[in-house]
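Chemist: Could you build all of it, start to finish, from the sequences and the hints given here?
In short: position in the sequence shown from 1, add 26, done, that's my numbering.
Incorrect hints may have been included.
[What the hints assert, rightly or not] Below are the DSS-like pairs computed for lysine-lysine, each with C-alpha atoms no more than 27 Å apart in a straight line:
#1 Lys314 with Lys217
#2 Lys366 with Lys334
#3 Lys314 with Lys251
#4 Lys318 with Lys232
#5 Lys222 with Lys251
#6 Lys318 with Lys366
#7 Lys366 with Lys346
#8 Lys251 with Lys232
#9 Lys346 with Lys318
#10 Lys232 with Lys222
#11 Lys232 with Lys132
#12 Lys346 with Lys334
#13 Lys232 with Lys366
#14 Lys251 with Lys132
#15 Lys217 with Lys232
#16 Lys334 with Lys314
No lab work stands behind these hints: they were computed from the structure.
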Amino acid sequence: MPFQASAATPRRAVTPAAFVRGVVAAYAKYGSDPAGALARGQVPESLLSSADARVTAAQFEALAGHAMRELDDEALGWFSRRLPWGSYGMLCRASITAPNLEVALKRWCRHHRYLTEDVLFELTIGDEAAIISIREQRDLGPLREFCLVTLLRYVLGYSCWAIDSAIALRSAEFPYREPRHVSVYPTIFCKTVHFKAPRAAITFDKRYLSLPLTRSPDDLDEMLKGALRLTVLPYRRDRLLVERVRRVLRNARGRIVGAEDVAAELALSTRTMHRRLREESTSLRALKEETKLELARSELMRSRTPIKRIAELAGFRNEKSFSRAFRNWTGTSPREFRGKSR
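Modeler: Okay, structure coming up:
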């Protein structure tokens with residue numbers, strides 16, 4: 027299934043040889059010769075016997091795309107029957123008219139059963155997080171890792187494209203042992219990855235589910251002309267980034283957090299965080315000021331907490347500096363504001 031991302035394809039070789047061997051195994055299953063696919067991906071046969079070799083996203087795109095067409099199986103031998111070329115494109119078309127990501131993913135989970143019941147997609151929504159998981163209905167054999175990783179990348183890649191936003195994963199988990207090429211998983215998914223889990227799943231902030239789909243059927247036609255990019259870079263734009271930063275700052279409650287602390291919580295580099303906030307027409311400094319005011323107003327209106335303590339919670343060194351800042355924000359002192367709010 028072809029996906030096209032808003033970020034450039036990484037030139038660094040990160041896709042493990044194990045996934046290349048997975049494509050070759052599909053040819054073996056169907057009694058076909060993989061030479062044409064390997065040539066299309068400029069992958070030497072010697073790489074197949076290497077435990078630590080890598081190929082670039084562009085190489086794997088060419089290899090897998092050729093194999094899917096030649097074998098007429100987008101599942102590359104994972105399932106009990108072929109999934110003809112265009113199968114996952116049909117899933118995209120079935121969900122592209124959804125009003126938001128939640129409805130789109132529910133359609134994806136439901137309609138995937140029309141393709142195969144060897145695996146079942148499930149969407150679970152909690153108080154704060156959403157989970158997309160895969161329930162295995164049959165033994166996937168030696169292609170288990172390749173299958174589960176690719177299926178989760180399919181649905182994640184499509185979701186990001188559909189809402190035109192990176193989806194920052196909180197965690198990813200897989201039901202098998204940590205593979206030799208574990209270092210590639212943070213690139214494909216996120217920093218927090220667990221193995222020997224009960225199922226394959228990705229977890230993210232449920233607020234992404236309410237974001238509307240921004241793509242049209244014409245956009246989908248154009249996207250499907252692109253190539254499959256299993257190891258694609260994440261979308262640069264995160265439409266929830268500002269709110270995620272606010273959440274980190276709110277949770278600090280008096281603890282001084284620097285740019286490095288906030289960026290670490292978001293699993294971003296400091297430079298990337300600052301750049302992306304600029305793209306959203308704001309800054310960490312502005313969000314800090316906004317969060318301080320929000321916390322101060324809330325405490326003054328809803329509690330009898332001493333103003334000195336509120337100043338500490340808002341991250342000020344003393345009550346005097348807090349009162350001065352609060353007057354600049356609101357035109358009144360904290361005591362006057364509290365009095366008017368009673």
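Chemist: Decide, hint by hint, whether the structure agrees.
Modeler: Each hint tested on the structure:
1. Lys314 with Lys217: holds, 25 Å
2. Lys366 with Lys334: The hint holds at about 19 Å.
3. Lys314 with Lys251: It is violated: about 43 Å lies between the C-alpha atoms, which goes past 27 Å.
4. Lys318 with Lys232: At roughly 25 Å apart (the allowed maximum being 27 Å), Lys232 and Lys318 satisfy the hint.
5. Lys222 with Lys251: With a Cα-Cα distance of about 36 Å, the restraint between Lys222 and Lys251 is violated, given a limit of 27 Å.
6. Lys318 with Lys366: Roughly 20 Å between the alpha carbons, so the hint for Lys318 and Lys366 holds.
7. Lys366 with Lys346: With Cα atoms ~20 Å apart, Lys366 and Lys346 stay inside 27 Å; holds.
8. Lys251 with Lys232: Between Lys251 and Lys232 the Cα gap is close to 30 Å, so the pair fails against 27 Å, i.e. violated.
9. Lys346 with Lys318: Since the Cα atoms of Lys346 and Lys318 sit roughly 15 Å apart, the hinted pair holds (cutoff 27 Å).
10. Lys232 with Lys222: holds, 25 Å
11. Lys232 with Lys132: holds, 13 Å
12. Lys346 with Lys334: holds, 9 Å
13. Lys232 with Lys366: violated, 37 Å
14. Lys251 with Lys132: Holds. Lys251 to Lys132 sits at ~25 Å (cutoff 27 Å).
15. Lys217 with Lys232: Within the cut-off at roughly 19 Å; holds.
16. Lys334 with Lys314: OK: Lys334 and Lys314 at ~19 Å, within 27 Å.
Going through the hint list in order, the structure does not satisfy hints 3, 5, 8, 13.
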